[in-house]
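Since the structure of chain A is provided, determine the placement of chain B on it from the hints.
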Amino acid sequence: MAHHIDVTDLNIYYGDFLAVENVNISIPARSVTAFIGPSGCGKSTFLRSLNRMHEEIKGAHVDGKVIANGQDLYASTVDPVDVRRQIGMVFQRPNPFPTMSIAQNVLAGPRLNSKRMKKSTADDIVEKSLTRAGLWNEVKDRLGRPGSGLSGGQQQRLCIARAIAVEPDVLLMDEPCSALDPISTSVIEDLIHELKTDYTIAIVTHNMQQAARVSDRTAFFNLNGVGQPGRLIEHGPTELVFSNPSEAATEAYIQGRFG
Amino acid sequence: MSKTIQRPGDTIFRGLAQSAAFVILVTLAAVALFLTAKGIPGITADADQVKHGTTFATFVIPLVFGTLWAALLALVFATPIAIGVALFISHYAPRRLSGPIGYVIDLLAAVPSVVFGAWGMMTLAPAMQGPYAWLEENLGFIPLFAGPASSTGRTMLTAALVLAIMILPIMTALCREIFLQTPRLNEEAALALGATRWEMVRMSVFPHAKSGIISAAMLSLGRALGETMAVAMVLSASGIITFNVISSTNPSTIAANIALSFNEASGLTVNALIATGLVLFVITFAVNFAARLLIGSPKRAKGAKK
Numbered sequence: 001m002a003h004h005i006d007v008t009d010l011n012i013y014y015g016d017f018l019a020v021e022n023v024n025i026s027i028p029a030r031s032v033t034a035f036i037g038p039s040g041c042g043k044s045t046f047l048r049s050l051n052r053m054h055e056e057i058k059g060a061h062v063d064g065k066v067i068a069n070g071q072d073l074y075a076s077t078v079d080p081v082d083v084r085r086q087i088g089m090v091f092q093r094p095n096p097f098p099t100m101s102i103a104q105n106v107l108a109g110p111r112l113n114s115k116r117m118k119k120s121t122a123d124d125i126v127e128k129s130l131t132r133a134g135l136w137n138e139v140k141d142r143l144g145r146p147g148s149g150l151s152g153g154q155q156q157r158l159c160i161a162r163a164i165a166v167e168p169d170v171l172l173m174d175e176p177c178s179a180l181d182p183i184s185t186s187v188i189e190d191l192i193h194e195l196k197t198d199y200t201i202a203i204v205t206h207n208m209q210q211a212a213r214v215s216d217r218t219a220f221f222n223l224n225g226v227g228q229p230g231r232l233i234e235h236g237p238t239e240l241v242f243s244n245p246s247e248a249a250t251e252a253y254i255q256g257r258f259g
Numbered sequence: 001m002s003k004t005i006q007r008p009g010d011t012i013f014r015g016l017a018q019s020a021a022f023v024i025l026v027t028l029a030a031v032a033l034f035l036t037a038k039g040i041p042g043i044t045a046d047a048d049q050v051k052h053g054t055t056f057a058t059f060v061i062p063l064v065f066g067t068l069w070a071a072l073l074a075l076v077f078a079t080p081i082a083i084g085v086a087l088f089i090s091h092y093a094p095r096r097l098s099g100p101i102g103y104v105i106d107l108l109a110a111v112p113s114v115v116f117g118a119w120g121m122m123t124l125a126p127a128m129q130g131p132y133a134w135l136e137e138n139l140g141f142i143p144l145f146a147g148p149a150s151s152t153g154r155t156m157l158t159a160a161l162v163l164a165i166m167i168l169p170i171m172t173a174l175c176r177e178i179f180l181q182t183p184r185l186n187e188e189a190a191l192a193l194g195a196t197r198w199e200m201v202r203m204s205v206f207p208h209a210k211s212g213i214i215s216a217a218m219l220s221l222g223r224a225l226g227e228t229m230a231v232a233m234v235l236s237a238s239g240i241i242t243f244n245v246i247s248s249t250n251p252s253t254i255a256a257n258i259a260l261s262f263n264e265a266s267g268l269t270v271n272a273l274i275a276t277g278l279v280l281f282v283i284t285f286a287v288n289f290a291a292r293l294l295i296g297s298p299k300r301a302k303g304a305k306k
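Listed in order, the protein sequences are those of chains A and B.
At position 70 of the first sequence the residue is numbered 70 (this note's numbering), and the sequence of numbers has no breaks.
At position 60 of the second sequence the residue is numbered 60 (this note's numbering), and the sequence of numbers has no breaks.
These are calculated hints, taken from the structure and not from any lab test.
The reader is advised that the hints may include incorrect statements.
[Unchecked claim] Using 30 Å as the maximum straight-line C-alpha spacing, the simulated DSS-like pairs for lysine-lysine come out as follows:
(1) A:Lys115 x B:Lys210
(2) A:Lys140 x A:Lys65
(3) A:Lys128 x A:Lys118
(4) A:Lys58 x A:Lys140
(5) B:Lys38 x B:Lys51
(6) A:Lys128 x A:Lys140
(7) A:Lys119 x A:Lys140
(8) A:Lys118 x B:Lys38
(9) A:Lys128 x A:Lys196
(10) B:Lys51 x A:Lys119
(11) A:Lys140 x A:Lys115
(12) A:Lys58 x B:Lys210
(13) A:Lys115 x A:Lys128
(14) A:Lys140 x B:Lys38
(15) A:Lys118 x A:Lys140
Since the structure is predicted, the reported quantities are computational estimates derived from the model, not experimental observations.
Isolated chain B, as found in the complex:
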């Protein structure tokens, strides 16, 4: 048996690829280490040692709530639109239309978040004042729209709408890929039974894409959780916990709060802010991990019900 010949090109490239992979892990570990080391003094600090004047738990809980609430609302707005656009591109649009639409959606991903923030603050927020007043007047009995309606329009709902637009491109792209992978066999099975296009989508495309849509949503959620500038610019925050989405008092998000408070912070306050970053790190990590688990799970339901 002859010994495998080692070619220098293979050895060099293998080394490069290996170290590149290693660098990623080291970076991640370094970030986690930094957040933990700098964050722990902030977590254990007394109320009178930090600027916000409360214990860490009281400080961080409204922020965690705001982060999750804004991301969740964004997800609720973005998911149906992303599925609709992806479906249009994959199954409805003529080819000469579907290409350009997909391209424009991808372009949306290239717009810097500060631009979205500026647009949300200067254009969307004023435009939403009227609708918010209407919501308060007509749907005020629902706690979400209890009001009083914000006079600036810089509310949780506006922030969530901006976030929704920002996560739309990745979600659409992921959904489109999944829809395109629907086996032709299953689509033809539905069509041959006399299904209309929409019935075909419901019978073959959605069942095939279900787990993919869920993981696309989770990945987008991860993005929405960490978004900083847009929220910082749009939301008028006051550190309370409320489900009211149209009033002028809103919980802030972790990322936006760090961006807004960091410059004026000193001493243990900085550590507390870094600790909130650690909390965000853990949340996004958990969301992405859950998404990975879902992607990895088998596509077919094992025990289909009758």
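So here's chain A without its partners, still in its complex pose:
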């Protein structure tokens, strides 16, 4: 199920503007890789390029290779829609579909593939996904209520349930806790810990403590100045990057001297 992702010589452009330059990284399966770095360093852009979501901005394109499950995601025969079904995404702000119920939100993805689903199958998917996202016990009596009526942390877990309901190989998380309170954040972090037994997880975070808590590996992005492309400075096991970084910039950022 989970696959590792190999990125080679990836350059990401918005039109003519080079946003992220020459990234080489391997994201191992069944582990959590955190992307950290100051604002504008391209970590979110890079994350979005892993399931081709950044292409929703007009003029965005890449060169280089992103290989998951032996397949180059940017090969001309690959449809971005299929990529996104294999590589799910959770966003910065919880975004359940406002007019859908909790159950409908979970089923939104699976229903794209099979329009006619048996009720028992649908119920199974709802229960399994919500249980996996640690939300089942809180919402099992109100599956028909709107998803937007939940608290922020619950909504974010609903979004995680929705993302894993399509059984992706990889989960991308773009600052999933930055809109949440500390208690909800801690719940989501525990959840990330549990999910990595089944999924390859990549998470962007502004919060270095969070990166240290949840990730197995850390990648530090930086940029030389405004208008310059972001670059991957270094990556490695999280303990190593935090205790003994090989680059001066990484050390400075981790110690809070900039960013």
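Chain B in isolation, oriented as in the chain A frame:
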């Protein structure tokens, strides 16, 4: 505590703005008063005192029917096209195309209705004769197309098509604005699940825009109800009630009927015509009021179903 300083500029501008708002209300009240005062003798007039030779109710009911029927048909034609064009502009077209298309649609709104009327009468109506004959022959079992097909093409269907084109610009503009307001978050949620563009539109744009589309339709309906010249020129009317849309006998609309009959009217007939205007006033008022209610209603369905 110091007293708020009154600046002369503020006082003057406030007075101007206030009186402008007041003028609108006074105008509306004056129109309503005029219609009521002049209309009531027409409503109470006996059948032999007016040119149409019937009681007011018998006179006005076919007109009300024709007005609503023409506007409704126009709405049925215009709504899917407006939604399609708006969606193309907001979510499909590349930026260098969407601008000009939106501009051309807005230009349509600037074409005077008499031009649409002339076009409908001289170009569209003759062109529709063939299709109407075909409809009568092949779909005549449906009461709408029972025929006999009009030999001039100046039918209810032609009038409704012209009306549809005329309400298209406002409807497209309103729908486009609503579609553009779809939260990016919801669109991304759908796309990240592997939705195609159309699936994304169905999952996030339409649910968000539903109440907006309905109110856009209602506002357009208000326009179609009151349209005069185009209908007056295109429709060959005979004051009956029929759902048959391709025959040469059609109900007229209130506005078109006033325009066509007013010059030759005298005495209580004029009052009766003004009374029909009052009826139209009430209908359009009700439609716009309903639209306002819908716009004001909360966007999200409170009790989403499972």
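Hint by hint, here is what the structure shows:
1. Restraint check for Lys115 (chain A) and Lys210 (chain B): the C-alpha separation of about 22 Å stays at or below 30 Å, so the hint holds.
2. Distance hint between Lys140 (chain A) and Lys65 (chain A) is unfulfilled; the C-alpha atoms sit about 43 Å from each other, more than 30 Å.
3. With a C-alpha separation of about 15 Å, the suggested pair Lys128 (chain A) and Lys118 (chain A) falls inside the 30 Å cut-off, and the hint holds.
4. Straight-line distance between C-alpha atoms of Lys58 (chain A) and Lys140 (chain A) comes to about 41 Å, which puts the hinted pair past the 30 Å bound.
5. With a C-alpha separation of about 17 Å, the suggested pair Lys38 (chain B) and Lys51 (chain B) falls inside the 30 Å cut-off, and the hint holds.
6. In summary, the hint linking Lys128 (chain A) to Lys140 (chain A) is supported, as the alpha carbons are separated by about 11 Å, within the 30 Å threshold.
7. Between the alpha carbons of Lys119 (chain A) and Lys140 (chain A) the distance comes to roughly 16 Å, so the proposed pair stays at or under 30 Å and holds.
8. Annotation: proposed proximity of Lys118 (chain A) to Lys38 (chain B) is violated, straight-line Cα distance about 65 Å (limit 30 Å).
9. A C-alpha spacing of about 16 Å is found between Lys128 (chain A) and Lys196 (chain A), which places the hinted pair at or below 30 Å, so the restraint holds.
10. Taking the CA atoms of Lys51 (chain B) and Lys119 (chain A), the gap is about 67 Å. The hint is violated against a cut of 30 Å.
11. A distance of roughly 24 Å separates the Cα atoms of Lys140 (chain A) and Lys115 (chain A); the hinted pair therefore holds under the 30 Å criterion.
12. Distance hint between Lys58 (chain A) and Lys210 (chain B) is fulfilled; the C-alpha atoms sit about 27 Å from each other, no more than 30 Å.
13. Taken as a hint, the Lys115 (chain A) and Lys128 (chain A) pair is honoured in the structure, with Cα atoms around 19 Å apart against an allowance of 30 Å.
14. Annotation: proposed proximity of Lys140 (chain A) to Lys38 (chain B) is violated, straight-line Cα distance about 65 Å (limit 30 Å).
15. Simply put, Lys118 (chain A) and Lys140 (chain A) have alpha-carbon atoms about 19 Å apart, close enough for the 30 Å limit, and the pair holds.
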